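Peer 1: Below, each chain spelled out in residue letters.
2 protein chains.
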Amino acid sequence: MDAPKDAPRDAASLDRADPIRARRDEFDLPEGVIYLDGNSLGPPPRRALARLTKTATREWKDGLIRSWNDAGWIDLPERAGAKIAQIIGADDGEVIVADSVTVNLFKLASALIALRPGKSLCVEGDEFPTDQYVMDALSKIHGASLRRIEGGAIPDDAGVIVRSLAHYKTASIADMAAAEAKAARIGAAIIWDLSHAAGLLAIDVKRDGAKFAVGCGYKYLNGGPGAPAFVYAARDEAQKLNQPIAGWMGHAAPFDFAPDYKPADGAKRFAAGTPAILSLAALDAALEIFDGLDMRLLEEKARSLGALFLERTDALGFPVLDTKGPRGGHVCLHSENGYQIMQALIAKGVIGDFRPPGLMRFGFSPLFLSYADIERAAAMLGDIVKTEEWRQPEYSKRSKVT
Amino acid sequence: MDAPKDAPRDAASLDRADPIRARRDEFDLPEGVIYLDGNSLGPPPRRALARLTKTATREWKDGLIRSWNDAGWIDLPERAGAKIAQIIGADDGEVIVADSVTVNLFKLASALIALRPGKSLCVEGDEFPTDQYVMDALSKIHGASLRRIEGGAIPDDAGVIVRSLAHYKTASIADMAAAEAKAARIGAAIIWDLSHAAGLLAIDVKRDGAKFAVGCGYKYLNGGPGAPAFVYAARDEAQKLNQPIAGWMGHAAPFDFAPDYKPADGAKRFAAGTPAILSLAALDAALEIFDGLDMRLLEEKARSLGALFLERTDALGFPVLDTKGPRGGHVCLHSENGYQIMQALIAKGVIGDFRPPGLMRFGFSPLFLSYADIERAAAMLGDIVKTEEWRQPEYSKRSKVT
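Listed in order, the protein sequences are those of chains A and B. In this text, residue positions in the first sequence follow my numbering: the first is 2, and each later residue adds one. In this text, residue positions in the second sequence follow my numbering: the first is 2, and each later residue adds one.
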C-alpha cells in the first residue's frame, strides 16, 4: 500500500505534514548518519540510556541485592510485557519479556505441539532461519512431522504453525485474521513471529484472533542489542500450556523454593531463569516512547517513507523484492553487487544491511527518520552507482555480521 | 575446613596479611554497607560500570548496527567464555556465555540424556529448585525416569546427574573427582552447577575429570543482575551433542541464513538466540578482575572470612547449617526468627539474605570483603539479638524477593 498518488512528494512538505515528527527528539542519532537499519537494531532512545545509567548505578551499585524489591526488578518482565501488550493489542498479563526469540519460540511451540499429538509442525520454507531450526529440532523431540509450507498455506494436519507477520526479507505482511480463521477450523495454533512487526505495525491480536506470538525487543522496539524478547499467550490459552523450560522465574511462588514446579498464571509461566536486568531495563524504558502513540501513524509513515525511497531509486533499475501485498517497514533491492554497494553506502553514513543473495535491505523506522533523510539516502545510493565507487576493493571485504 | 588454629584471629592482622586485599579497589561499595550477599548478586566492579557506559554510548549509540563487527559484539559470548574457562580450568572454546542457568541446564541435560536412552535423570532432593524443575520437565519429554538422590549417591542406572559443586544453602562442596570416577564407570554424565562456585573456588575441571557444567554470571563473577550464564562442555564431548534449542547463534555459519541447522564447533553450539549485549558486556568486563589471580587465594580467604564470622557469632547460639566437609563461600545460621533478624540487620547496612526455613545466609565474597567487615557485621548481629530490635513490626513485612 503506497502513499496516495496525489500526496505531496517533496520531502520537505512530507516532513512538515508528519504528525509524529517530534518523536525524533527521543533519539540522539550520530552526526552524518542516516540510519536505515532500525529494523535490525533500533538506535538508543535517550530515555533508555538514562535508565541504563540509573539501573547500573543507583540500583545495582547502591541498591545491590535490595533492588530486586526496592527497584522492582522482580516485576520488570511483567511490567515491560504490559507495555508490549499495549503495542500489539493484548491485555495485561498476556505478555512476558524473557530470553530470546529462539528460546521463546522453543517454549511456546513445544507446549502447543504437546497438546496436539499426531499433528505436524509447519514453517515457511523461506522463514527466518532460527524459526526453521527450532521447528525442525522440535519435530525430532516430539516425533511430529515437519512441513515446510509456502505462501501461508496451512495443511489440514497442521498442529503448530510459526509465521512471521512481516517477513525479514520481503517485509510482506501476512493476513493474520484469515490465517487464524483457517487455523481455528482445524484446531491448529499459529505462533506469530512479530520480530519485524512489533513497534511498527498497528497489530491488534484480539481483533484478528491471534492467540500466540513471540517477538524481539531490539528492532522497532529499540530495546538495545540483543534486548530480551517476549511471549504473548492469550489468557485462556496460557493456562493450558506447560512450557518445558521450567525455571524458578516461571514458578507460581519462586521464593518458596519448593521442590516441585507449579507454573505461574498467564504468560508469566513462560519466564524461566533470572532475567538480564541491565538489558531488560533499557528495553523497558525504550517502550515508554510508544505510550499513547497511535500505531496506525507509525505504520502509515513507514510505508510512506518506503514508497518515497522506491520512487527516488526507481531509475537505478534495481529489482525490488516484491511483496504482492501490503509491505512492512523495509524493502530489499537486488543487485549482484549488492554487498559491495551496501558497504560503500555504509562508508558514507547511510546504513542499511545485506542479506544473501544480493539483497540490499533498507529499513524505515518511522520514529526517527524524516522524509529528508530518505531523499538524501536515495541520492547517495544514486551517486555510488553512478561513480561506481563500490568497485573499490575495500568494499568487497566480508565481515562476520552482514 | 576452617583457618588454621594458630592463625592470628584479630581482624586487623588478618587484613594486613591478606594477599588480595587490593582487589577491593576494583569495587565502589556504598558507604555504610557491609555486603554479605555477593553470593546472590555480586556488586559492580568499577570496570563493569565503565564498560557498560562505553557499550551503551560509543557502541550502541554511535556505532549502531556496525558494532556487531567493529566492537566485536558477535564474538563476545566466546570471549567472555574464554575468561570463564580460565577461572574453572577449562580450555579456550570449551565455554560459551549464553542465556540463563535454567536454559543452559535444559540444553545440556537434554542433549546428554538423548544419548543415554533407558537411563535416569538424577538430581539431589535439596538441590536448587530450578535444577529440580528442569530435570523433572526433561524426564517427561524424554520418557526418562527421574531420581531424587541424596548426598551425592549415584544410582547404577544414572544417565545424567545435575549437582551443585557448592550447595546454595549449606555451601557444602561436592567431591568432583570422586563423583566423576563413579560416573565414568557407569557411563553417566554429570552436569556441575557452578553457580555458587565459579569465581570463588579453585575449580579445575580438567584435573577432576569434569566434562560438563553450567553456572551463573551474577554471583561471585559480579557480572550484574541476571548476567548471562555459561555452559562448559569438554571439547571431545561437545562435538557429540545436539542441543535442542537450535538457534542461529549456535549455527556454524549464522550469516549464511541457511534453512538447515548445522551446529557450530565446541561449546559455541550451546548458543541459541541473539545475546543480551548490554548485560554481556558488563559481565565480560567484570571477568577481567580474575585475570592472573590465583583462585586458591580466593577460596582460602572466603573460608577464612567465614571461619571468623562463625567464631564471632558462636556465642549467639544460632545453629549452623553444617556441611560435614569443606565449605564454600557462605554460611547459614538458623533461627525461627531468621527472617526478621535478617531484615533488621539489612536495615543497619549489613546485607545478607534469607532462605526458608529460617536460614540467615551470609556470603563471604573474598574480592571485596575485609576481615574488619566481618567483625563489624558479627557485632551488629549480636547487637540486634541483644536489643531484640528485630521484634519491631516493620521487620516482619515479607517482600517478594528474600
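Keep in mind that the hints were calculated from the coordinates and are not lab data. From a predicted model like this one, the values you see are computed outputs, not experimental measurements. One or more of the hints may lead you astray.
Here are the simulated BS3-like cross-link-like pairs (lysine-lysine), alpha carbons at most 25 angstroms apart as the crow flies [what the hints assert, rightly or not]: (1) A:Lys349 / B:Lys62; (2) B:Lys62 / A:Lys263; (3) A:Lys170 / A:Lys325; (4) A:Lys387 / B:Lys170.
Here are the in silico distance ranges between beta carbons for each label pair [to be verified]: (5) B:Arg186 / A:Pro394: 37 to 47 angstroms; (6) A:Arg186 / B:Lys263: 53 to 63 angstroms; (7) B:Ala203 / A:Lys55: 53 to 63 angstroms; (8) B:Ala13 / A:Asn243: 48 to 58 angstroms; (9) A:Asn243 / B:Arg399: 22 to 32 angstroms; (10) A:Lys401 / B:Ala18: 42 to 52 angstroms; (11) A:Gln240 / B:Asp16: 36 to 46 angstroms; (12) A:Lys263 / B:Gly326: 50 to 60 angstroms; (13) B:Ala253 / A:Asp26: 49 to 59 angstroms.
One-sided excerpt, in silico: chain B residues whose CB lies under 7 angstroms from chain A [unchecked claim]: (14) Ala57; (15) Asp63; (16) Ile66; (17) Val102; (18) Pro226; (19) Ile246; (20) Ala277; (21) Thr324; (22) Arg392; (23) Gln393; (24) Glu395.
Virtual Cβ for every residue (Gly too), placed ideally from N, Cα, C.
Peer 1: State for each hint whether it applies.
Peer 2: For each hint, the structure was consulted:
Between A:Lys349 and B:Lys62, the direct Cα distance comes to roughly 17 angstroms. Compliance with the 25 angstroms bound is thereby established for this hinted pair. A threshold of 25 angstroms between alpha carbons decides the hint, and for B:Lys62 with A:Lys263 the separation of about 41 angstroms lies outside it, so the pair is violated. For the suggested pair A:Lys170 and A:Lys325, the alpha carbons sit about 13 angstroms apart, so the restraint of at most 25 angstroms is met. Distance restraint check for A:Lys387 and B:Lys170: the Cα-Cα separation of roughly 69 angstroms exceeds the 25 angstroms cut-off, and the hinted pair is therefore not satisfied.
Against the hinted window of 37 to 47 angstroms, the Cβ-Cβ separation of B:Arg186 and A:Pro394 comes to about 59 angstroms, which falls outside the hint. A C-beta distance of roughly 37 angstroms is found between A:Arg186 and B:Lys263, which places it outside the suggested range of 53 to 63 angstroms. Our hint of 53 to 63 angstroms for B:Ala203 and A:Lys55 is violated, since their Cβ atoms are close to 37 angstroms apart. At roughly 57 angstroms, the beta carbons of B:Ala13 and A:Asn243 sit within the given window of 48 to 58 angstroms.
In this structure the supplied range 22 to 32 angstroms holds for A:Asn243 paired with B:Arg399, their Cβ-Cβ distance being about 28 angstroms. For the pair A:Lys401 and B:Ala18, the supplied restraint of 42 to 52 angstroms holds, since their beta-carbon distance comes to about 48 angstroms. Range check, A:Gln240 to B:Asp16: about 56 angstroms between beta-carbon atoms, so the 36 to 46 angstroms window is missed. A hinted range of 50 to 60 angstroms is violated for the C-beta pair A:Lys263 and B:Gly326, which are about 33 angstroms apart.
For the pair B:Ala253 and A:Asp26, the beta carbons lie near 43 angstroms from each other, so the given range of 49 to 59 angstroms is not met. Satisfaction of the interface hint for B:Ala57 is found here, the shortest Cβ-Cβ separation to chain A being roughly 5 angstroms, below the 7 angstroms cut-off. The interface hint given for B:Asp63 holds, since its Cβ lies 5 angstroms from the closest Cβ of chain A, which is under the 7 angstroms cut-off. The closest approach between the C-beta of B:Ile66 and any C-beta of chain A is roughly 5 angstroms, which is under the 7 angstroms cut-off, so the hint is satisfied.
Taken as an interface hint, B:Val102 checks out: its beta carbon lies about 6 angstroms from the nearest beta carbon of chain A, inside 7 angstroms. Evaluation of the B:Pro226 hint against chain A yields a held restraint, the C-beta minimum of about 4 angstroms falling below 7 angstroms. With a least beta-carbon distance of about 5 angstroms to chain A, the hint placing B:Ile246 at the interface is held under the 7 angstroms criterion. Interface hint status for B:Ala277: upheld, as the beta-carbon distance to the closest one in chain A is roughly 4 angstroms, under 7 angstroms.
For B:Thr324, the suggested interface contact is broken, since its CB lies about 19 angstroms from the closest CB of chain A, more than 7 angstroms. For the restraint placing B:Arg392 at the interface with chain A, the shortest Cβ-Cβ distance is roughly 21 angstroms, beyond the 7 angstroms limit, so the hint is violated. At about 18 angstroms, the closest approach between the beta carbon of B:Gln393 and any beta carbon in chain A exceeds 7 angstroms, and the interface hint on this residue is violated. Interface restraint check: B:Glu395 against chain A, minimum CB-CB distance 14 angstroms, threshold 7 angstroms, status violated.
The structure fails to meet hints 2, 4, 5, 6, 7, 11, 12, 13, 21, 22, 23, 24 from the earlier list, while all remaining hints are met.
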